[in-house]
Amino acid sequence: MKQFEALTRKQDQQPVRYLIVDDSVFARKSLAKMVEAFGGTVAGEAGDGLTAITEYARTSPDIVLMDITMPQMEGIEAVERIVRDHPEARIVMVSSVGYQDNILAALQKGARHFVQKPVKPDALYEIIRYVLSDEGVAAAV
Amino acid sequence: MKMQLIQPFINAIDAVLAETLGGPVTIADMSMEEEGYRKKGVAALITFKGEIEGRVILDMQPTAALKVAHTMAGEDLADPDQAVREAVREIANMVIGNAVTLLNDRGYSFKVFTPELLSEEQQAAVGAESEATLLSFSTEHGSVFMNISMRYFRRRSRERVPALAT
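Residue numbers (the numbering used here), protein chains in the order written: chain A, 1 to 141; chain B, 1 to 166.
Okay, chain B solo, but in the shape it has when bound (with noise of 0.2 Å):
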């Protein structure tokens, strides 16, 4: 998976959770991944489809999300296990869409679909498809990981391109 498409993603987990943890956070690993997905958390999964094609899971340890969603909600939370899974698919949804938006400005078209929480089944699925570059982040709060996994289809580039006359 090149750089520059990933780079993007770094981008904008750091932006979104500096925003919304209101601390440093820092870039602990980066490691491809070949087998099935083990959540470490809580985790949800968002997929696109276009001239780039795959899905991202983002992965927050519950302490990390729980102060997300104490940050979002600006309340006590009264099922504080529904609004971390709530927080969590938010958060995946603005660094997605700020990633996506990156790459876009870059000329890469796409359409993200609605984050959904991983379940069980996706999650025995997901290692099958292809090869995943794991990212790690610390923060204050907790860890979080971000798993990618992407491929790029630059016949479909090209075939947007018009023909010449001749």
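Just chain A, with the same shape it has in the complex (with noise of 0.2 Å):
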């Protein structure tokens, strides 16, 4: 894969940090090897809504990369409970299914943007850099 400038956290100039949420592994496989392009690490994973509530409890992710259609919990309400607890979540809704009317309900529960897979890395990397920039993550290292 093709390596990018690598984001990191104007703090503290660390990786971002991701949560990785699908319940497909091979989503999250191909969704981490994308992050770590980036020059992220993975802080934690989740294969459903719920579980997602509680890693993101646990590790405290700069970002979360969440599918919407999976088991026990669907992802749009996960965002809302995340966001609900944690309003400084940045979530970025990561699925096949792009309904105009999914991504609205996304949007609105919280989530800060949407990318319809297969996903692209150039497109993720630009979303990721712009969901991140308000706090003004570092572009280069």
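Just to be clear, a hint being listed does not mean it is correct.
Here chain B is said to cover these stretches of chain A; the calculated rule only asks that three of the stretch's residues, wherever they fall, bring their Cβ under 8 Å from a Cβ of chain B [unchecked claim]: (1) 17–25; (2) 28–39; (3) 97–104; (4) 114–123.
Here are the simulated lysine-lysine pairs, BS3-like style, with alpha carbons at most 27 Å apart [stated by the list, open to error]: (5) K109/A to K111/B; (6) K120/A to K2/A; (7) K120/A to K10/A; (8) K40/B to K2/B; (9) K49/B to K2/B; (10) K49/B to K109/A; (11) K111/B to K120/A; (12) K109/A to K120/A; (13) K33/A to K2/A.
The set of hints was computed from the structure by calculation and includes no laboratory data. No experiment lies behind these values; they were computed from the predicted model shown. Cβ coordinates follow ideal geometry from the N, Cα and C atoms, glycine included.
Two chains, two frames, some hints: make the complex.
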């Protein structure tokens, strides 16, 4: 995979930490590969929305990549509950289903952005950089 | 089955396989099937309900599925058989998700369920319910098949239209 300029946290120049939430092991591996190409680290993983909530509290990631269609609890409900307890949470929805209704619902519940699968690394990189930019994450190492 | 309902699936599989296999994808054949479905490789089943109801079987020859698994995992596969099954499920998820997004943009609404691997019991049952369209795709790494069976409920669509005041 192409290498990107590493994204780091402005406050301490440390790699950005991600929580990856998807019921597909392969989707999680694929996203983890991309995140590492962006210079980040995987702080945690979850296979459903319910586990995502506990993992968020445990790992306090800088950014969450969240699928929508999952067992136990779907991603949009998980977003609502995470953002309710952690208003600072930055969640990017990653899903193969790109209905307008879904996207709007996710954004209304507190997600910051949406990317449709199959994910193109260039697109995800720009979205993450944009989502993190309100805290001024430095772009270059 | 209307072509306008099938075309989004063709567009979706083209886009998804191009991204995951990295090579050209061509339609090799299109036919109707009325009998039970027989797996040709590793197959996943996705069902959907709503104004359009039905199911899609995505079936990949092992060589193509292995290539996808390697591409997605980006590492040596400790358990190639399990990796291939997981990869096919995820490919099916992406193809169906993209297709239903296109259909939703055209005004059709329905819910997609989580993909599952096609079991022997399901294989026997799926052909019995109705005729299906079988699409065959050629890639550098092997063939991919998509078996689609669906019905469009015109009445459900009309029920959504509010009654006019008289």
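Verification of the hints:
Coverage of a stretch by a chain is defined here by at least three residues with a beta carbon nearer than 8 Å to that chain's beta carbons; for the region 17–25 of chain A and chain B the count is 3, and the condition holds. Only residues whose C-beta sits within less than 8 Å of a C-beta in chain B count toward coverage, and the region 28–39 of chain A has 3 of them, enough to reach three; the restraint holds. With 5 residues having a beta carbon nearer than 8 Å to a beta carbon of chain B, the region 97–104 of chain A meets the requirement of three or more and the stated coverage holds. A count of 4 residues in the region 114–123 of chain A with a Cβ less than 8 Å from any Cβ of chain B is obtained; the coverage claim is therefore met, three being the minimum.
A threshold of 27 Å between alpha carbons decides the hint, and for K109/A with K111/B the separation of about 20 Å falls inside it, so the pair holds. Taking the CA atoms of K120/A and K2/A, the gap is about 11 Å. The hint holds against a cut of 27 Å. Of the pairs offered as hints, the one joining K120/A and K10/A holds, with about 25 Å between alpha carbons and a cut-off of 27 Å not exceeded. Using a Cα cut-off of 27 Å, the hinted pair K40/B and K2/B holds, with the two alpha carbons roughly 25 Å apart.
Taking the CA atoms of K49/B and K2/B, the gap is near 17 Å; set against the 27 Å cutoff, the hint holds. With a C-alpha separation of about 25 Å, the suggested pair K49/B and K109/A falls inside the 27 Å cut-off, and the hint holds. Of the supplied pair hints, the one linking K111/B and K120/A holds, its CA atoms being roughly 25 Å apart against a limit of 27 Å. Proximity of K109/A to K120/A is assessed by CA-CA distance (about 25 Å); at most 27 Å being required, the pair is judged to hold.
Straight-line distance between C-alpha atoms of K33/A and K2/A comes to about 11 Å, which keeps the hinted pair within the 27 Å bound.
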